[in-house]
Amino acid sequence: MADTKSDNTPPDHPPSPLRVRGGATSHLTQFLMLKPKDLIVAVNGISWKRLACVAHAIKILLERDTAPVVLTILRGEKTFDVITSAEINRDAQRLSQEQINAISESRLPAQSHNPSALGNYAIFSDMYGASDVVDLQGSLLAMVFPPLWFISRRLWEALATAICLLSTSFVINPSLSLIIYVAMCIIVGRKQVHLIQAGMRREGMYKVMVLATTSESKAQSIALQLHDKLTFRFAQREDTATLESEIGVL
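At the far end of the sequence shown sits residue 245, using the numbering used here, and the numbering has no gaps.
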């Protein structure tokens, strides 16, 4: 008899959070900078206890493509969010019943997520803890006025190249400089995150964490709760009550 079970039917097993596996090619560890043994405890603010299968819920939401998929991560006694655009597949595993029982009484924060209001922010840091925040959603300024954006991101080599290119082309033909400027807006707008990351690496800074939140200041505050040795170049203070609500202190 043919199997009539739909592909959209969740697997037949008890609800469980997912534990992140290690691996250099894992989307969770390589791109979202999660650590092995981090737990995925909610999807779009819905606790794992209310989901038949966490991985299946992520798969269905990505297939519908209605909004970003926000994963709530439990690390130690704190929670934070990341946005994913990829299925979990084998990047995470279910817990055994004993492991589930050990965390079933954890008081996870009650959060009502609005996924469309969140964006991923990357935290970069060097070996001394000097840190910076990068908005992975991109900036409109990069698409409209690249030279000013280069200044805001301290990309001095790119700024010098852009000024030299535009100045030379303007001397040759003003129309040519306009064409080059439009092309620059398109290219920089599309490649801005890559340009920032390349600039960070030249300064000896590497991506240490990815957070989904509503602003750079909140990303800084959450990162400081998880990595207390970070020192941000442009530190911004957050209200304590707001901060505890944001990171989900248990």
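Calculated from the structure, these hints are not laboratory results.
Heads up, the beta-carbon is just placed ideally off N, CA and C, and yes, glycines get one too.
Among the hints, a few may not be true.
Within a straight-line C-alpha distance of at most 25 Å, the following computed DSS-like cross-link-like pairs (lysine-lysine) qualify [said to hold, decoys possible]:
{"no.": "1", "residue 1": "Lys32", "residue 2": "Lys202"}
{"no.": "2", "residue 1": "Lys54", "residue 2": "Lys224"}
{"no.": "3", "residue 1": "Lys44", "residue 2": "Lys30"}
{"no.": "4", "residue 1": "Lys73", "residue 2": "Lys186"}
Taking CB as the label site, the calculated pair distances span [said to hold, decoys possible]:
{"no.": "5", "residue 1": "Thr209", "residue 2": "Pro10", "range": "24 to 32 Å"}
{"no.": "6", "residue 1": "Ser80", "residue 2": "Ile181", "range": "18 to 26 Å"}
{"no.": "7", "residue 1": "Ile146", "residue 2": "Ala81", "range": "51 to 59 Å"}
{"no.": "8", "residue 1": "Glu58", "residue 2": "Asn168", "range": "22 to 30 Å"}
{"no.": "9", "residue 1": "Gly17", "residue 2": "Tyr201", "range": "27 to 35 Å"}
{"no.": "10", "residue 1": "Asp223", "residue 2": "Ala193", "range": "25 to 33 Å"}
{"no.": "11", "residue 1": "Gly17", "residue 2": "Asn96", "range": "18 to 26 Å"}
{"no.": "12", "residue 1": "Thr209", "residue 2": "Pro31", "range": "22 to 30 Å"}
{"no.": "13", "residue 1": "Arg228", "residue 2": "Ile41", "range": "30 to 38 Å"}
{"no.": "14", "residue 1": "His222", "residue 2": "Thr156", "range": "51 to 59 Å"}
{"no.": "15", "residue 1": "Lys30", "residue 2": "Ala62", "range": "22 to 30 Å"}
{"no.": "16", "residue 1": "Asp223", "residue 2": "Arg185", "range": "31 to 39 Å"}
{"no.": "17", "residue 1": "Met122", "residue 2": "Ile174", "range": "39 to 47 Å"}
{"no.": "18", "residue 1": "Lys73", "residue 2": "Asn109", "range": "17 to 25 Å"}
Here is what the structure says about each hint:
no. : hint                         : result
1   : Lys32 to Lys202              : holds, 19 Å
2   : Lys54 to Lys224              : violated, 36 Å
3   : Lys44 to Lys30               : holds, 22 Å
4   : Lys73 to Lys186              : violated, 33 Å
5   : Thr209 to Pro10: 24 to 32 Å  : holds, 29 Å
6   : Ser80 to Ile181: 18 to 26 Å  : holds, 22 Å
7   : Ile146 to Ala81: 51 to 59 Å  : violated, 34 Å
8   : Glu58 to Asn168: 22 to 30 Å  : violated, 50 Å
9   : Gly17 to Tyr201: 27 to 35 Å  : violated, 18 Å
10  : Asp223 to Ala193: 25 to 33 Å : holds, 28 Å
11  : Gly17 to Asn96: 18 to 26 Å   : holds, 24 Å
12  : Thr209 to Pro31: 22 to 30 Å  : holds, 28 Å
13  : Arg228 to Ile41: 30 to 38 Å  : holds, 36 Å
14  : His222 to Thr156: 51 to 59 Å : violated, 34 Å
15  : Lys30 to Ala62: 22 to 30 Å   : holds, 26 Å
16  : Asp223 to Arg185: 31 to 39 Å : holds, 36 Å
17  : Met122 to Ile174: 39 to 47 Å : holds, 43 Å
18  : Lys73 to Asn109: 17 to 25 Å  : holds, 21 Å
When the structure is compared with the earlier hints, violations turn up for hints 2, 4, 7, 8, 9, 14 and for no others.
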